[in-house]
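K.L.:
Sequence lines, in order, name chains A and B. The working numbering numbers the first residue of the first sequence as 384 and each following residue consecutively. The working numbering numbers the first residue of the second sequence as 384 and each following residue consecutively.
Warning: the hint list may mix true and false statements.
Said to hold, decoys possible - Result set (SDA-like, lysine to any residue): computed pairs, CA atoms no more than 25 Å apart in a straight line:
#, chain 1, residue 1, chain 2, residue 2
1, B, Lys1047, A, Pro722
2, A, Lys1067, A, Leu1158
3, B, Lys987, A, Arg812
4, A, Lys987, B, Gly817
5, A, Lys1124, B, Lys754
6, B, Lys1124, A, Val1051
7, B, Lys1124, A, Arg1137
8, B, Lys754, B, Thr832
Hints in this document: simulated from the structure, not taken from any laboratory. Bear in mind the structure is a predicted one, so any value in this text is a computation, not a measurement.
Chain residues, written in single-letter form:
Protein chains: 2
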Amino acid sequence: MGHRFGDPSNPLLVSVRSGARKSMPGMMETVLNVGLTKDTISGLIKLTGNERLVYDAYRRLIMMYSDVVMEKARGQIEPEEGLGIRRQLEEIMDEVKKEKGCKNDTDLNVDDLKRLCGLFKERVKNVLKKPFPDDADEQLWGGIGAVFASWNGKRAIAYRRIEGIADEWGTAVNVQAMVFGNMGETSATGVAFTRDPGNGENKFYGEYLVNAQGEDVVAGIRTPGPINKESSSEHNKTLKTLEEIMPKVYRELFGYQKKLENHYKDMQDIEFTRENGRLFMLQCRIGKRNGPAAVRIAVDMVKEKLITKEMAVMRVTPAQLDELLHPMIDPKAERELKPIAKGLPAGPGGGVGMAVFTADDAEKWAKEGSKVILVREETSPEDVHGMHSSQGILTAKGGMTSHAALVARGWGKCCIVGSSSIHIDEENRRFTAGDTVVKEGDWISLNGTKGNIYSGKLPLVEPDIEHDKYFKGFMKVCDDVRRLRIRTNADRPEDAAIARRFGAEGIGLCRTEHMFFDPARIKSMRKMIVADTKGDREKALGELLPYQKEDFAGILKAMEGLPVIIRLLDPPLHEFLPQEESKKKELAEELGISIEKLEARMQKLHELNPMLGLRGCRLGITYPEITEMQVQAVFEAAAELTLTGVKVFPEVMVPLLGSQAEMKNQYVIIKARLEEVQKRYKVKFHCMIGTMIEIPRAALVADSIAEIAEFFSYGTNDLTQMTFGFSRDDIGSFLPNYLEKGILPKDPFQSIDRDGVGKLISIGIERGRSTRPNLEIGICGEHGGDPDSIKFCHSVGMDYVSCSPYRVPIARLAAAQAVVESKK
Amino acid sequence: MGHRFGDPSNPLLVSVRSGARKSMPGMMETVLNVGLTKDTISGLIKLTGNERLVYDAYRRLIMMYSDVVMEKARGQIEPEEGLGIRRQLEEIMDEVKKEKGCKNDTDLNVDDLKRLCGLFKERVKNVLKKPFPDDADEQLWGGIGAVFASWNGKRAIAYRRIEGIADEWGTAVNVQAMVFGNMGETSATGVAFTRDPGNGENKFYGEYLVNAQGEDVVAGIRTPGPINKESSSEHNKTLKTLEEIMPKVYRELFGYQKKLENHYKDMQDIEFTRENGRLFMLQCRIGKRNGPAAVRIAVDMVKEKLITKEMAVMRVTPAQLDELLHPMIDPKAERELKPIAKGLPAGPGGGVGMAVFTADDAEKWAKEGSKVILVREETSPEDVHGMHSSQGILTAKGGMTSHAALVARGWGKCCIVGSSSIHIDEENRRFTAGDTVVKEGDWISLNGTKGNIYSGKLPLVEPDIEHDKYFKGFMKVCDDVRRLRIRTNADRPEDAAIARRFGAEGIGLCRTEHMFFDPARIKSMRKMIVADTKGDREKALGELLPYQKEDFAGILKAMEGLPVIIRLLDPPLHEFLPQEESKKKELAEELGISIEKLEARMQKLHELNPMLGLRGCRLGITYPEITEMQVQAVFEAAAELTLTGVKVFPEVMVPLLGSQAEMKNQYVIIKARLEEVQKRYKVKFHCMIGTMIEIPRAALVADSIAEIAEFFSYGTNDLTQMTFGFSRDDIGSFLPNYLEKGILPKDPFQSIDRDGVGKLISIGIERGRSTRPNLEIGICGEHGGDPDSIKFCHSVGMDYVSCSPYRVPIARLAAAQAVVESKK
């Protein structure tokens, strides 16, 4: 620049900025105009011939420096609103402006600014008990220290938590020569993006201010103008564009931005300043963008051959892709309001409806055409019909893997759980949240992506991904890159169809137990459970057979040509029995037995730790007739479809296995029934018989299990429970404390614990393939929809992941990213 | 022998006998006198000049052959009592004897025997629809086939189950020349042991019969005489000894038996026959013996330098050693009776007392001087005082690792659990078992070693191992051989003292929770649990501190000079709260809170799967003040003892750990308190801080845990629960079926599952020692007292096993056997 820092006759001013590996816009501190002292002020005035510029710079330096260096960095970080030194200096400046009748900062003249600097220094000394330093070196080192210190500021830490940036990275500090956009009407400053960060359109997009420093653009003291017609909006369309008033500068800038984007091969966020006639580029960094923009930019850049497909898949985060998939509460409407309560964001998207407090009401109201939100303490399988009828689900209890959360995510339904600040009064059909009382029928709105609850009826914005060419194009790019196949967890043909539209390549988990909760079937199910003899049990199972067959036919047809893994009955039988006294009485009457007998039978089924009791394959081994009925239903459905020309690929999965002997026991039963049905129908269809690996022992003895099982599917929910010794239902009493104290880095039910559970998974894969090299291995726990976990599944060599229908696109993306990351 | 098989003029007769690897006395079939046909009969008569002998042999052949070969081996195995061919032939013989007025078989003359043979053959043909074969070869091959077939006879299979003999071993068949002890008054036959199998005394011990075949000695048709004075008993003391009537034969025999024992280096069970003047040794095999005999023989043979110490430890099975440790129901009294019911043998030994049906009654009656047996559906920690007051415990529910079983074994108390055929009517204070009704106060007797329940008061036989020089000598031999150290699980100074007398080298597990059930303390414990604030909790903990300190002082003193591992509070808090309404009310009053508040707090503590909930170190992390109080009590006790000159080695163990972070959290708390106490008391004592490995994840990340933990103790009860996904409390619904179907080879809670749990243990040891090579590793689960599991612990390189006090001698033996077996 031809100047020297601290030289009284030819002074250089510098800015001190952060330089983190990943941009954290607005989260780190900056100090501008460093180097102005009594001595250099006069030198700079002589040099620039612009006294006003110099005092404007000096008052800016005092404001920023006293705030960032003298106050925050000295441990008085983030004082209460309105009490900080900066706020006090701003008030002084507002007073002076008011006194002078000025509207804009630029209206203040040199004398005003000189007076202001004096007032500022006096206040700083009074409040911070230290004079503003009049030494260039002291200013510089102070600034450097403060920028480093701001890495550990509250805001920066919070931002890193959200963005997953490691604390250990730290920041660089950049010391950069100052240039002045505030040197008069031939000077200007601005920020711009090389593409539109709001929708990804390939247009140069930005704002500028004449006679200003960069911070003025961000601060919004004056309304900045659009740099070109493409950038103009409602907000600024009356203002002249940079292209109009400084066409030469604009053309030069336009050239630079193209060059920068081509160099960095990504959309750039740039800062520029014109000092008198000369254009300076101050900064450029990867530009932040929202989900739709990220997708469009990635797809366009591949088309433009600017980036490869592998680079493209890294340009969209799973969270950004998720933005495209759910109807959202209109962000504009939401911006105006304060939530009445918050909870855990268990099912993304928006839900708007009238509050109801029982599942039966939800179903009834919905049938009558009302939109409802089901509000419950927590949900149980008996609530499922009501949950399905609702626009969204809100619970006061439960975590991210509670019943409500699991069911809602499976359906892509908006859901907020564990909102502990709402108090439900079910009897009087209302809940309170702070001062707000929400009665039955009152409208409420849920933002399930953020966990915010609003009273009233907020507008929704619907996604239309099926006609979104960028979404589809991006998915194609992901598919070209990924190795993992993506299946879905779906229990009903409707869900299977949705998942297929989202790109699912099969069903990784079809649970058969949800099918039994239908009122028409639950009676037979309950009869089966309370049966005293094998004969009675078989009779009740016989009643269930046609229903099961119909279910399987529906789902196999919806997935024509693709594999469908059907899991045999898994949950403990008591889950199917009613809890309420009235329902028990009803059941006893229906079954024609005494209430005492029913209760005795229920008592017998009671378990101290039901998760580790009679469930999974232990049911099918203890009562082989259950397995027989279920596989007969699967195979008859498959046979009949095959006869009508539908290609089906059922796979039967034995749950909760811990040993080869269990696998053998069930395999023999299944295989016999398969051969019997194929012989009876005179058809052939392919059917693999495999197992879930969800008990630690199963992973440890996987070699012997794989001698019989033809596929493995990791049930990571249960595997995590048993590997940690955590009951998902009961960890509420200590998990929050564990996360807060950092004893657990994250909830292991949300993202696979690589060190423990992951090790067990690796052992199981290695041992399983040691005896059956072509063993098909996948995952069907909740983790199958978690990007980090999907990357883990790729790294250990699984064949597929299976997730809920609405997570399929996310999984396709994560699987593609896994390929790229594993090459690094 | 100079004869030829089937040669009419010079015939050889043979016996066909089994030859299994391990002797199965009486369980396999034998056929004697094979080769007698019309042709060879006359030849043999000519050869021996003894027609009576030949027809006696012939009738024996027909009896045995028709039974063993023609009936049993042809699938009509083990016919109903009284219907078999043998029984029918015996009846014919009895009739003939009656007719002739004979008392003994030997009183029948040649004609009688000839007639008998005719009658026998006729009956055989009529009943078995096949004539008795008159062909020597056919007889031989028939016999060989039948002996092979008897390997799969019901008796043989049952015996193998009990003795742990593998089905795959199979048997050899020996074809051996016949000699005849029934050739007249100069012939004889007998069986003998080289030492007394009843007490191990080094004396030649046996019985003989003149003019008889070996089977007659066993069958007890005539009373055999003692071979020498040392062998005479009440039973046969009036009879002449072999030594007296055939002194030369006896001397020859005596020489042989010494030679055989010296050759085989073990006590021999021999069969001999004198045919006219010549002595034949028919068979010798390792002699069966009872526990005391096994121990004495082993010790004596080491002293005699016949065997090494390593050989000696293999000569006593853990079950035999166990016989020495418990008061037993007098076997003579038991032999006369049929049990009224059976159950699982959970606590060995005998227990005799009056039936009571509540723990309070048990305690009350016992205080009044009565001996009682506590009879419960199942027991809970609230019953412990009553269990302790009882002579034995009987439950209708529960398995080998139920609460009752664990507590009883810990105290060496007789216990039978899961006796499903008894029906308890607690209200009317009685139970029924079949037709027997046992009312409160009625005497019953339990054989806890076998699981038999008798009505009435049976006599007990008490062991006195402290003055048993053979027991002590044998233990010394074991100690010389073993590498594993043996500790004990003991919660009270009394138990610690018992264990020490049994040879325990420290305490491997001192559970602190049992201490809280004392009525004087439970109130403070409950106050702590229902406390709303940290302050209230600390106050209640403060009340517990002196009790805990006293407990620890007692146990540290009892174990002076030896390490004592104290485990921090482990069980879920709700276990300490009362279950009954009346007790709840009482508690609420005592605590001065409303019953509603109490119930609300209890409801909050309720968990769906308490085994996987808030317990173990999760308690100490959530409420650090609990850990602080406990370790303060330990360290103050240790400091005060040290000041009085008692050498103490406390070790603090953190339970239910799954990660390094948990270990770190507790380590910091414990270490700080240790330093504080040592500084305050101005003493130094050594204290390791370590953890239990009982969660699968802990084994998988053992390398990182061992960076902090100074010792590992495997809690194989919980580790087995979580590795299998089995809740011990709930497996009753499927475990019996699993064992019956062979899906599980054995109950994994009794003996370590080497394939699954064992693999995890190995992984944990390997990883743990990878970061801390001198890591002390032991086991403190119930498996620590199981000989097979102890051998596993040796093989994977553990430093010690810890078991209940009464299992310590068994563990010392098993540890020694492990050394020998691992060298093979």
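K.L.:
Checking one constraint from the list: CA of B:Lys1124 to CA of A:Arg1137, max 25 Å. Satisfied?
P.N.:
violated (37 Å)
K.L.:
For A:Lys1067 and A:Leu1158, compute the direct alpha-carbon distance and say whether it is at most 25 Å.
P.N.:
Distance of about 22 Å is within 25 Å: holds.
K.L.:
CA of A:Lys1124 to CA of B:Lys754, is that 25 Å or under?
P.N.:
The hint is violated at about 54 Å.
K.L.:
Between B:Lys1124 and A:Val1051, is the straight-line Cα distance small enough, at 25 Å or below?
P.N.:
Holds, because 14 Å separates the two Cα atoms, which is no more than 25 Å.
K.L.:
A:Lys987 and B:Gly817 were given as a pair; does the straight-line alpha-carbon distance stay at or below 25 Å?
P.N.:
holds (22 Å)
K.L.:
Check whether the Cα positions of B:Lys987 and A:Arg812 lie no farther apart than 25 Å.
P.N.:
OK: B:Lys987 and A:Arg812 at ~24 Å, within 25 Å.
K.L.:
Sort out whether B:Thr832 lies within 25 Å of B:Lys754, counting only the CA atoms.
P.N.:
holds (20 Å)
K.L.:
For the pair supplied as a hint, B:Lys1047 and A:Pro722, is the alpha-carbon distance within the 25 Å limit?
P.N.:
violated (39 Å)
Hints 1, 5 and 7 from the earlier list are contradicted by this structure; the remaining hints agree with it.
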